[in-house]
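As they're listed, the protein sequences go chains G and Z. Following the working numbering, the numbering of the first sequence begins with 1 at its first residue and continues without gaps. Following the working numbering, the numbering of the second sequence begins with 480 at its first residue and continues without gaps.
These are computed hints drawn from the structure, not numbers from a lab. If you're wondering where the values come from, they're calculated on a predicted model, not measured in any experiment. Just to be clear, a hint being listed does not mean it is correct.
Derived lysine-lysine pairs resembling DSSO-like cross-links, with alpha carbons at most 27 Å apart [to be verified]:
#1 Z:K913 / Z:K891
#2 Z:K891 / G:K276
#3 Z:K891 / Z:K779
#4 Z:K891 / Z:K911
#5 G:K276 / Z:K988
#6 G:K276 / Z:K913
#7 Z:K838 / Z:K580
#8 Z:K725 / Z:K779
#9 Z:K913 / Z:K725
Listed below, chain by chain, are the residues.
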Amino acid sequence: MTTASGYSPQETVEQALAAARSDDCVVIAEETSSANLRWAGNTLTTNGVSASRQLTVIAIDRHGHGPGQASAGVVSRAGVRPDQIEDVVRQAERVAAEATPAEDADELAGPEQAGSFGGKNKDQPGWDSPPARTEIGVLRDFAATLGETLRAAQAAGRKLYGFAEHDLTSTFLGTSTGVRQRHDQPTGRVELNAKSADLERSAWTGAATREFTDVDVAGLAAGLAERLDWAKRAISLPAGQYETLLPPTAVADLLTYLYWSAGAKEAAEGRTVFSKPGGGTRVGERLSAQPVTLSSDPRAPGLASAPFVVAHASGSDSSVFDNGLPLSATSWISEGSLAALISSRHSAEVAGLPVTPAIDNLTFATSAPAPLALEEMIASTGRALLVTCLWYIREVDPQTLLLTGLTRDGVYLVEDGEVVGAVNNFRFNESPVGMLGRLLEVGATVPTLPREWGDYFNRAAMPPVRVEGFNMSSVSQAS
Amino acid sequence: MDDHRPGIDPEFTALPLRDLADAALAQAKSLGAQHADFRAERIRGQHIGLSDGNPQTLIDADDSGLAVRVIVDGTWGFASAVDLTADAAALAAREAIEVAKVAATMNTEPIELAPEPAYGDVTWVSAYEIDPFTVSAADKVALLAQWSNTLLAHAAVSHVDASLQQVRECKFYSDGVTTATQQRIRLQPALTAVAVSDDGRFDTMRTLAPPVGRGYEFLTPNPLRGGAGWDFEAELGELPELLAAKLGAPSVEPGRYDLVIDPSNLWLVIHESIGHATELDRALGYEAAYAGTSFATLDKLGSLQYGSGIMHVTGDRTAEHGLATIGYDDEGVAGQSWDLITDGILSGYQLDRRMALLKGFGRSNGCSFSDGPGHMPLQRMANVSLEPAAGGPSTEDLIAGVDNGIYILGDKSWSIDMQRYNFQFTGQRFVKIKNGRLAGQLRDVAYQATTTDFWGSMEAVGGPQTYVLGGAFNCGKGQPGQVAPVSHGCPAALMRGVRILNTAEEGAK
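Assemble the whole structure, with the sequences as input and the hints as a guide.
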């Protein structure tokens, strides 16, 4: 299938590679389509559909540099027409020719190393299949059900706010060394926030979805109505350290930040929480007494992501020279101990660690027998706070990975196995690394949507956890 | 206004922009749209990153596309496309109509827009001297490498990160009565020095140079041109010693302190606690599920005591070199300047055309913005700035009035709650003030406050000589998420009795 430009992304890749005059070349052609609906106060606010087409050319110049050295020029352009492809290639080559040697210079992967297309991945369409595409019709049934749900909320004196979005990106990666890789990535989510008519009580839920056929918006709304009922009794509590039940979404937000902070290069340079005093990294060090594992796997059921490196630019722990390298399941924390740090081939060498590039999903789980669901953990609680979600999370101190942020849309007090009312919101100051050392209980892992980072990180499976002495630093007046 | 105003990117103006607009608007009208507007954009970006003087990231981006927004039977519809052809524009118009029909089942508030005068065919270009895209990447890398090596030459500096982001944003807007063709340039330089001690402690210090709506002249100020740039040589010359002193500084004793806050730190407090809190869409709940709402609700307009009586805050889209400055917004509204807080009282909001009509403001003050053709415009932040005191004190004068306090420079960590009450900020440098004099740096400092308490504690603002335009490239809002550039000007200011935390102790709790 051709696109509106009259050219397929596969043809774009081949034409760009054919036009390349540099020593090596990487071409990434991406087609993205998106549809969204947003609502507030029981009515639609904004919506839209969009389509984009991105071409990234990475020219690699090995001339004029020493042995093993190379420079790279990266040019990324949207909406490129067939007659403009060569211009993009030449521009990348000019940038590469001007550039000084890249510190991450390396040989490109070849088809054997990259495991290039040959029908090996049965879950994905072949190289020659047309790019996947979404459109507003994906949300048609959802919108109709949501409309009914909004009217029901209005009748019940509640206000609903939220957002639904479905994206599809088809990525085609080709290199001058013969790699041809393709990945179709569906990404969807729905977020639903319910408030009482006076806006004093608020509850939130969200879900990630790949197809939008598995979203039960009426069920989500019913769950929020129950939480608003919980909040009819308001309880004021001061700042302090509390035993706290964090639901999967909050655990996802904290551990996603930990994951993003787990780069090999900066750890080896002595500038992150994962640096070992005196040099080296903390890989191998025990972080938690619980038998917990934090891992990524491009083939994780329901969380599938690209099984090969797609690097549009080099950075501390990513390298354009690594494009096409296969990705495999990686444990970042294994049975409570730090096991790996995110790396490119270059940063892995700097850090003296195995090559473990970033993967676009994250799972946290305990190997302890029979972990409990959140409802069961509530039932076995003497006294603790139950958080709905966290918000505005920012790093305060990289030395300890101290993060600050707020509780949002419902903090509840649990006493003797039952929710007894809603507590004021808090500002927290906590380190996810320190928190791993104070896990009292780890529940059953379920798919979840990180509330804070869902814009950038959609694929996660997390358990609820019970934390000793979660540091609620001050009271927030926000409701 | 600068004397020299370059023209708009000729590759952008060579596009058949009016033909595309005509095709889209005609299609939308023929299918029953009560309102339709069209945008075409080309946004060039370049990001350069160096690690320890070595090139690490170098990427050129060039995004273009078109967007059509319609109102059909009182419901919004929006669609965008990448191909800049009349067929693609007409198709986008049809898709926008279809989106409006699907969404109509959810809509209970008919959309109407506040009127705005017709401006005809207008152009506008931001104030800059040198388009950074006319300077070779090699020259930019060489300059950043030189600066990095200056820092690395000092024994206290273990590592240096250097980056330069540059954007050239071209926008074409037409709603049939106003057709605006515009271009803005902006850039953001930053260098961060890292010190690692033998015992495993580390700390960083970043340059205070703000992101600006200027060209490459900001990096290479030339006295012959008026020196309209940042003195990096001076700042980089003192940074290593300041970093070494920070790493060896005593940890702060938590408690309440008087603060003298430098504009390089205060701009971010203004952004979070005033800029976002005075967005009317937030105050009305339209961002309730994501960015949040505001304690400064509409019923408090004209009565809310936001801060002390010396507090005067304006919103504008007109400040020269401001990151949110533009001739006409993404709804064809001309750039304006207005009051948000007058004598400490809430006196205004930031508006788009829909919000302006909905709540009886009559006319939008021009705050509609979309970060690219793929997104629907939202009410986004204007330049929101705290006025200095005419003939007011210098920073040294403010410090002289403090017995036991802290002078804070540079922004770092920030966080505020979803109604803009409770916030926490850190900074790049914290200098102890003892009996009116600076007495060495402190470590591990964060300050926490509630918005109205904080601004109510503002005893003095500096004079115009202390005023600096700070800001950010990456203000986030909306779903799908959008980023917007925005500036905040402010003088140095004196706050009394603000709560200081020790972040090392917070981490150990």
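Here is what the structure says about each hint:
For the suggested pair Z:K913 and Z:K891, the alpha carbons sit about 24 Å apart, so the restraint of at most 27 Å is met. Simply put, Z:K891 and G:K276 have alpha-carbon atoms about 24 Å apart, close enough for the 27 Å limit, and the pair holds. Among the hinted pairs, Z:K891 with Z:K779 is inconsistent with the structure: their alpha-carbon atoms are about 32 Å apart, more than 27 Å. Between Z:K891 and Z:K911 the CA atoms are separated by roughly 18 Å; this keeps the pair inside 27 Å, and the hint holds.
For the suggested pair G:K276 and Z:K988, the alpha carbons sit about 22 Å apart, so the restraint of at most 27 Å is met. The hinted pair formed by G:K276 and Z:K913 fails the criterion: a straight-line CA distance of about 37 Å is larger than 27 Å. For the given pair, Z:K838 sits about 26 Å from Z:K580 by alpha-carbon distance, which is consistent with the 27 Å threshold. A threshold of 27 Å between alpha carbons decides the hint, and for Z:K725 with Z:K779 the separation of about 43 Å lies outside it, so the pair is violated.
Of the supplied pair hints, the one linking Z:K913 and Z:K725 holds, its CA atoms being roughly 17 Å apart against a limit of 27 Å.
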